[in-house]
Amino acid sequence: MSPAFRGKRVVGTAVVSAALLSTMVLSTAGVSGATSTTQSRVQSHTSIPAAVAALKKLFVRPIHIPVNKKITKPIPKGKTIDFVVCGVPQCAILASPLEAAAKYLHWKVVTIAGGLTPATIDNAWNQVVHNKPSAAMGTGFPEIVFSSQLAQLKADHIPVINGFVTDKSGAGVVAVVNGQPSYTYAGTALSVFVLGIDGTKSDSLFVGSTTFPASTFEQNAYIAENHKLCSKCQETNLDEAATATQAQVISDVIAKVNANTKINFVVCSQPTYAAGLPQALKTAGHASVKILVNTPDPTTLGYLKSGKIAGIMDVPNTDAMAEFIDALARHEVGMSTTPSEGAGGDWAVVKKTASQVTYPYFLVKGALGQYEKLWK
Amino acid sequence: MTRLATLRRSLSPGSIGIIYVWALLIVFFSVWKPDLFPTMSTVRSVLNLNALAGLAALAILVPMVSGAIDASIGGNISLSGVCCAWLFQNTHLSVLAVVLITLGIGATIGLVNVLVVVVLKIPSIIGTLATWLICDSLSSAVAGQQSSLSPPQLSGSFGNDFAIASWQNFTIPVLFVLVLAAVMGLWLTQTPSGRYTHAVGLNPAVARNTGIRVSLIQSCALVVGGILGAFAGMVLAAQYASASPGSGDAYLLPAFAAVFLGATQFRLKRFTAWGTVLAVFMLATGEYGLALAGAASWIPNVFQGLALIIAIGLSRQVFSRTARVTKRPQQAGSAVSAGDGPHGTDVPAGATLQ
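Sequence lines, in order, name chains A and B.
Read in order, the letters of the first sequence are residues 1 to 376 in our numbering.
Read in order, the letters of the second sequence are residues 1 to 354 in our numbering.
Misleading hints may appear alongside valid ones.
For each label pair, taking beta carbons as the anchor points, the in silico distance ranges come out as [as the list claims (entries may be wrong)]:
#  : chain 1 : residue 1 : chain 2 : residue 2 : range
1  : A       : K262      : B       : L111      : 50 to 56 Å
2  : A       : K262      : B       : P38       : 17 to 23 Å
3  : A       : V110      : B       : S137      : 18 to 24 Å
4  : B       : P38       : A       : G87       : 39 to 45 Å
5  : B       : V31       : A       : H64       : 58 to 64 Å
6  : A       : T261      : B       : S137      : 40 to 46 Å
7  : B       : I126      : A       : K262      : 49 to 55 Å
8  : B       : L111      : A       : S96       : 33 to 39 Å
9  : B       : T108      : A       : K108      : 36 to 42 Å
10 : A       : Y359      : B       : L96       : 26 to 32 Å
Everything labelled a hint here was simulated from the structure, so no lab data went into it.
No experiment lies behind these values; they were computed from the predicted model shown.
Here a beta-carbon is modelled for each residue, glycine too, at the ideal position from N, C-alpha and C.
If we strip away everything but chain A, and leave its shape as in the complex, we get (with noise of 0.2 Å):
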């Protein structure tokens, strides 16, 4: 190799490195001013009494569902219900609470794979425009992304109920279950829980992932809760692209931990999130950081259990499929469906009660036969 032009190489790879680290370095400066950390005063160790008072309600595990109004017309039978099924795991496991509640109207549930691509989505869709059901219903799906199938549906007079998204009825929509008002109480509790425990000087992660309106909507309405509840509290966002792996979760809240070690607690707005996280704190010498999970699966049910975790937020996801059936059968009376709309309580899960919550998850015991009451 002649000297210019190992010359030349070295100078090539000094500015391909520079222009590269340049941009990381840019790149990093512009994202870190968008992460909200409060700015920290003189912490004190008192407890917050609206929070102990508010996580007191919370420990206490919903014994009604959220809806009352009983549905006084005669509800058809033999409908059939195309439902569509996004393609995480949290929502393959609400295929079967639709059917079971579905069951108690005679009604028939056709579930369809809609994956997670706008490839996927579309067919599944379109799958549904060919099927012509009585009714279809979908988990986890902006308006957006099926326009014109609901479009198509609408045209056909086949309601469509939503769940699971940020959307408001309309436009084909009857209802929307487990919507905007769902994720602005779990973000509320989720704040709750960590000013209930650590008072002021909770020093919180919060970690989601705004590609998803709703977790927007939890992480607004959870740092609102914070600073309403408690000035001197600090919180930090960690915002997860949402191709991010479990892997690559974990590496940047240890990270953040890392670069902040007054972190006392970890908020987990997805199970997925907290998989593997009580070890690699425990083994990056943080293991009095506590970690809070919104909804349960079996991993972190066994975390708790076994103590690794702090608490996990019970959320009504698997009542809220008996809530669309409630919502398409006052759609299919006549009658208003707000009431199938509303927010249900949380339960704040902790160790002595982990045993308490088991597959399918079901927030209130004996969810279903009360619904069957207000159908009856």
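Following the hints, position chain B against chain A.
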């Protein structure tokens, strides 16, 4: 060539560029974040959090040395992990029995790859991608309607032995990676079967003409890759104390990135165990440094992609120049000159990879 010249060549950026880039990254982040980056905590985090990626990369290394790309690794890790958890949850088998059965599942996946790649002669990248899809779907089927399986044994003695046990807060998967890399490094360079595997990967036709049983070598490599993939699946299940369908998919691309990047290192420009491990931890250092500095979640992936392109691009340039100089007196026709670089870096040439 004098000893000094050999040493100089061995230590040149073209030979061990990853170490220089790694050092550059360490210096850069240490200057940028002096209070956060140059700490033992960083070392521990980089090693602990990326040991599994190292295991996945080493699992695909053996088939790649033999000239076959094993893209089924993601599905293998997922299926093995889920099967391991399912066995704990639904049977009373001992830990040893579960481990052996799970490794057997990995070997079976390897045998399926043998059927597809060696017997049916389907190009390995396509055939093993199909195996990946099948394994992924099977992992969902085994898990049933559960989003994950989390039997208590995964966080008990099994979890401890495969993921949690630590020394100075360095977890046992780090040891697995180092031991495996050492064993594979020795096997590939110091044993006849290792050298035959390299020969098959470099040029199967020439290897066959010299009496090496190409099909047997590739079959063994695919089965070994399958078993190592299953081992990684068990470590993943133990690390998370749970197993989810599709959870291994995330390791496919980082594993390939590490193996290809590792192949640009050292003089012979071949797939090597230590080159692979170095690449895993070099990339991980950059990603962790960026995360520590508060980078948005998309930036580490950009870093990984750019680092791969730059490292391979520079190394390939250097190798091409060196090869031109050394080829002149030899002329074409030698086994090693069939490709223009290491097995992986000459994929477009297609001479050695099926």
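Each hint, compared with the structure:
Roughly 53 Å separates the CB atoms of K262/A and L111/B, a value that falls within the hinted 50 to 56 Å. Range check, K262/A to P38/B: about 20 Å between beta-carbon atoms, so the 17 to 23 Å window is met. For V110/A and S137/B, the hinted distance range of 18 to 24 Å is satisfied, since their beta carbons lie about 21 Å from each other. Restraint check, P38/B to G87/A: a C-beta distance of roughly 42 Å satisfies the suggested window 39 to 45 Å.
Distance hint check: the CB atoms of V31/B and H64/A are about 60 Å apart, consistent with the given range 58 to 64 Å. Separated by about 43 Å at the C-beta atoms, T261/A and S137/B satisfy the suggested range of 40 to 46 Å. With their beta carbons about 51 Å apart, I126/B and K262/A fall inside the hinted range of 49 to 55 Å. For the pair L111/B and S96/A, the beta carbons lie near 35 Å from each other, so the given range of 33 to 39 Å is met.
Between T108/B and K108/A the CB atoms are about 39 Å apart, so this pair conforms to the stated range of 36 to 42 Å. Between Y359/A and L96/B the C-beta distance comes to about 29 Å, which sits within the given range of 26 to 32 Å.
The structure fails none of the hints (numbered hints given earlier).
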